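Starting from the structure of chain A, add chains B and C where the hints point.
Residue numbers (our numbering), protein chains in the order written: chain A, 1 to 99; chain B, 1 to 796; chain C, 1 to 172.
Each hint can be trusted.
Below, in silico cross-link-like pairs of lysine-lysine (DSS-like), each with a Cα-Cα straight-line distance of 27 Å or less:
1) B:K421 <-> B:K538
2) B:K45 <-> B:K538
3) C:K99 <-> A:K25
4) B:K772 <-> A:K25
5) B:K422 <-> B:K538
6) B:K571 <-> B:K634
7) B:K41 <-> B:K538
8) B:K772 <-> C:K99
9) B:K689 <-> B:K414
10) A:K25 <-> C:K171
11) B:K413 <-> B:K689
12) C:K32 <-> A:K25
13) B:K570 <-> B:K634
14) B:K570 <-> B:K636
15) B:K570 <-> B:K639
16) B:K636 <-> B:K571
17) C:K32 <-> B:K772
18) B:K571 <-> B:K639
Computed footprint of chain A on chain C, listed as stretches where at least three residues anywhere in the stretch have a Cβ under 8 Å from a Cβ of chain A:
19) 22-30
20) 35-46
21) 63-72
22) 105-117
Interface residues of chain B toward chain A, partial, derived using beta-carbon atoms under 8 Å:
23) Q769
24) S770
25) K772
26) V773
27) A778
28) F781
Hints are computed from structural coordinates only; laboratory data are not their basis.
Remember, predicted model here, so these are calculated numbers, not experimental data.
Quick reminder that beta carbons are idealized off the backbone N, C-alpha and C, glycines included.
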Amino acid sequence: MLTVQFLLLAAILFAIGVYGVLARKNAVMVLMSIELILNAVNLNLIAFANRLQSIDGNTFALYVIAIAAAEVGVGLAMVLLIFRNRRSIALDELSEMKG
Amino acid sequence: MLAAEASHSVSQSAGWFLENAWLIPIIPAVAFALIIFFGKKLPMKGSELGVASMIGSLILALGAAYQWIQRVDGAAGHSAASLMKAGGESSPFVGPVIREWTWWQSGGVEFGIGQHIDGLALTLLVVVAFISSLVQIYSLEYLRGDRRYTHFFAALTLFSAGMLSMVLAPNMVQLILGWEIMGLCSFMLIGHWWEDQANARAALKAFFTVRVGDVGLLVGTGILFFSANAWTQQNLGVSGFNISGLSAWAMSGDASQSALTWGAVALFIACIGKSGQFPLHTWLPDAMAGPTPVSSLLHSSTMVVAGVFLVARVYPVFWEGLEITGTNINFIALIGGITIVIAALLAFVQHDIKKVLAYSTVSQLGYMMLGLGAGAWLPAVFHIFTHAFFKACLFLAAGSVSHSGSHHSFDMKKDMGGLAKKMPLTATTWIVSTLALAGVFPLSGFFSKDEIIDNVGHNGYQAFMIVGLCGAFLTAAYMARATYLTFFGEARGAAAGEHHDEHATGHDDDHADDHGHDVHGHDAHDDHGAHGPHESPKLITIPLVILASLAIVAGLANATPFGSSWERFKKYVEPSPAYVAAESTMASGPGEAITVVGWPSASEGGEGEAKAGCSYETPPVGEVCYFPAVSHAKFKWSKGLLSLGIVAVGLVSSWVFSVQYYTRRNRRLVGLTERSRVLRGGYLFLWNKYYLDVLYEKFIVRAVAYPIARAANWFNQNVIDGVVNASARISRRVAGWVYRNIDQRVVDGAVNTSGAAARGTGGALRPIQSGKVNQYGALLFAAAAIGALVLVIINT
Amino acid sequence: MVAADLLVAQNIGFGVIALLMIVGALRVVTVKNVVHAALWLVIVLSGAAAQYLLLSAEFVAVTQVLVYVGAVMVLFLFGTMLTRAKIGAEVDLNNTNWKIAIPVSLVLLGVTSWVLIDGFGDEQLPSPDQAAPVPIQVLSDDIFGPYLLPFWALSFVLLVAVIGAIVLARKD
Chain A
1 MLTVQFLLLA AILFAIGVYG VLARKNAVMV LMSIELILNA VNLNLIAFAN RLQSIDGNTF
61 ALYVIAIAAA EVGVGLAMVL LIFRNRRSIA LDELSEMKG
Chain B
1 MLAAEASHSV SQSAGWFLEN AWLIPIIPAV AFALIIFFGK KLPMKGSELG VASMIGSLIL
61 ALGAAYQWIQ RVDGAAGHSA ASLMKAGGES SPFVGPVIRE WTWWQSGGVE FGIGQHIDGL
121 ALTLLVVVAF ISSLVQIYSL EYLRGDRRYT HFFAALTLFS AGMLSMVLAP NMVQLILGWE
181 IMGLCSFMLI GHWWEDQANA RAALKAFFTV RVGDVGLLVG TGILFFSANA WTQQNLGVSG
241 FNISGLSAWA MSGDASQSAL TWGAVALFIA CIGKSGQFPL HTWLPDAMAG PTPVSSLLHS
301 STMVVAGVFL VARVYPVFWE GLEITGTNIN FIALIGGITI VIAALLAFVQ HDIKKVLAYS
361 TVSQLGYMML GLGAGAWLPA VFHIFTHAFF KACLFLAAGS VSHSGSHHSF DMKKDMGGLA
421 KKMPLTATTW IVSTLALAGV FPLSGFFSKD EIIDNVGHNG YQAFMIVGLC GAFLTAAYMA
481 RATYLTFFGE ARGAAAGEHH DEHATGHDDD HADDHGHDVH GHDAHDDHGA HGPHESPKLI
541 TIPLVILASL AIVAGLANAT PFGSSWERFK KYVEPSPAYV AAESTMASGP GEAITVVGWP
601 SASEGGEGEA KAGCSYETPP VGEVCYFPAV SHAKFKWSKG LLSLGIVAVG LVSSWVFSVQ
661 YYTRRNRRLV GLTERSRVLR GGYLFLWNKY YLDVLYEKFI VRAVAYPIAR AANWFNQNVI
721 DGVVNASARI SRRVAGWVYR NIDQRVVDGA VNTSGAAARG TGGALRPIQS GKVNQYGALL
781 FAAAAIGALV LVIINT
Chain C
1 MVAADLLVAQ NIGFGVIALL MIVGALRVVT VKNVVHAALW LVIVLSGAAA QYLLLSAEFV
61 AVTQVLVYVG AVMVLFLFGT MLTRAKIGAE VDLNNTNWKI AIPVSLVLLG VTSWVLIDGF
121 GDEQLPSPDQ AAPVPIQVLS DDIFGPYLLP FWALSFVLLV AVIGAIVLAR KD
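Chain A extracted, bound-state conformation (with noise of 0.2 Å):
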């Protein structure tokens, strides 16, 4: 296996993810695409680890996983919170600004 079909699988994944953040209205779409960012990051790492036979990429990997739960969690408790105050989770509704 080469490195890099992993590496390019992660970045297609990473592309798929920005255009995903990009593209959605959904404020829980957006979450999605940045798990799916996270993901292609998480390749990155282990595929690197595994060329370099280094425990160091899979422990980050394992730190990115916690972390990224951890981010969903509050993501998704702030989303309730949008939701409880403006009905909408449109992103492109929640903006005040009248610029």
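Chains B and C only, in chain A's frame:
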């Protein structure tokens, strides 16, 4: 050339009064300041300060005169013992008591202030102080209740201070100072009731006419200073302003004739103005607009003789400059002679009693000037002395008449007549003074005026002697007329008690023409409302009596007809023509009194006259003399009786004429001027004062003043205002342009552009902060993408 | 190449799973139904776990399944439910600027892939017999050894997240 022994001189200390005579003007000056500041608060409104100061000055002046007499006597005794040789008078040189302090210095010239006391100065000091005291006492009653009582006394006191400081001036600068102070006070006092336009105009006329003459004073002083300064500094150590210096320079023979002549002419022009000589006499009659005490003090006895005093003071300048000896006509004598006659003629057509006296004053001043111009120095100065007494008495009597007799009117024809019975004291003093003025023996005028006429003839001025005799005739005549109209005949107008009617119509229209008078409250009238004229109160009559008595006896001070031992005035007042060593007359320090007494060389001469001394020969080197040797006529009863006869004729003929014309209404006399065209022309000529006033006011003043005024106005309106307006217009236009272009466009433009730029930038950058999370994310990732791209491109 | 021959099975496995993941990811960002998107995300996450296995990171793979698939996705679905997202097709889940996203992601993709290919070229991963699976003991030693501080930080973060989530989401 006389065999001259060296004269010797010694410095004698003079007495306290003589050395401190400079206090005499200081006392009234201080009183003036006190009256101005505190007068209104004092119980007698400041008049007590005035009277007290004048009496103080009088005491000092009398003390100084006494000590001077002692001094001359002492010197005469000494010289009589040691130097009587070859007959003739030996008059010792009794130097004046001079003290001078430096007032200020400028450009190497020192201006001093101090005193120069000699017989002439003392004569005038005594006269001024005495008459001022009497007039101030008189004014206590005359001006009671006046609206500016305090200021009147202040001005009167200041006048006295000015005249006293002029009289004892040791140099021309102090003389001019006193001269100008007198002019100012004359202006203030003539215009005392300035609410009446006529009075204000009269005051201005007096001031300006005298001012025209004062140009001569300054020019003359300047000429003399610049010519004499070198000589006086070298020989006597004094500046060219110093009076004794000028006298010595004039007599020294080193002076340039043209400087002397022009200096003398210029100074005399000032005297023409101040002493009311022709042609600048027009102000004196108009000056009668002032209160009567002012007329009697200033415009008869003291201020107007300032011009005569000036000529007498620097007499050597005139003596040499106008060549008084050796000719039979000169400028001064000519003017004096003309003045005598024209003023006397004018006195005949006056209705106002004060104007008669004013013209009489002008005429008598003409006598004094004639005397000085013809070399009769002593008679002229003596005439100042006697004239002061009887003329002041006449004026005060006229004031008394108006105060209590004619209800403040001075019009003889309308409001006087028959007052001799009602006001006996006033009438008596008036008549006594009139006789003294006319020159009746043994009253004082005889001894002074007739001496002038006598000496004028003696010195070679025959034509002017005749003029003087004519003047004596005229004087007697017009005074008789005035006396008759005022005190005799039937009572007219106010003298008859008719003043209530005039009250009803109001004072001002009837009485405002010639004089102003103070407005009495109606309650003051009630005292004499019920009855007509009556004698004046004591404060008025006592000065009258004192002056009349002096008018009687003053002549005996220099009674030439009775012999030379009676010629006291001559002994004490006339300066000696003897030489003195120059060093002895120089001061060794500022303020130090110079008190020199010198004894001349032997004098030889015939007929009892000293022909030695100044003006006949130049003084020897190192010696100076201060006075020319004037000659004196010997009195002859034949000449005296001639003039007495002329006077008697004048009195009687005028009296008879007045009786016929005014009372009896003789048909041949009444209306004469209407019937005869010649007489009518003559009368009109006199009535219009020889048309001199018309000439001065309508032609000279208008020709000079109006074009200048118009030109000045044109200049002011068009040039000055034009410049101002143009600059305003230009600045306004520039301001407008600046506003429109620079302020609005440039400055505001910059400000607006910066604002617009900020807003534009803000507006452009605003969408970044949209609040849309997606957009933030988009920006973030886009930036990252582009950054990555750039990074990759750079690194490959 | 020798490695390519020896690891045919892994390669095929990789390829299949990669394809599945990519399709799944694409469906996540394009599908109209939120719940469907969540389910497609599950597939992606699972695929990721499988890739980890292929890369000999077994613990991570298991943790992935446990945390991500098990907890995070459930969390997502709860969130979806609680925010009243429409169960069913929803019109217009894309926002207004979605068209810009395409070039951005494409550029990003292009750049990264070019860099990766240029950087790594034909490098091969170590073969399975050389690349032993990561022992958990070593992993835990690493966590509680050199990376202890991050561990503590992580635990703190988790604590904060829990508290924060409770605070944020409580009803009052």
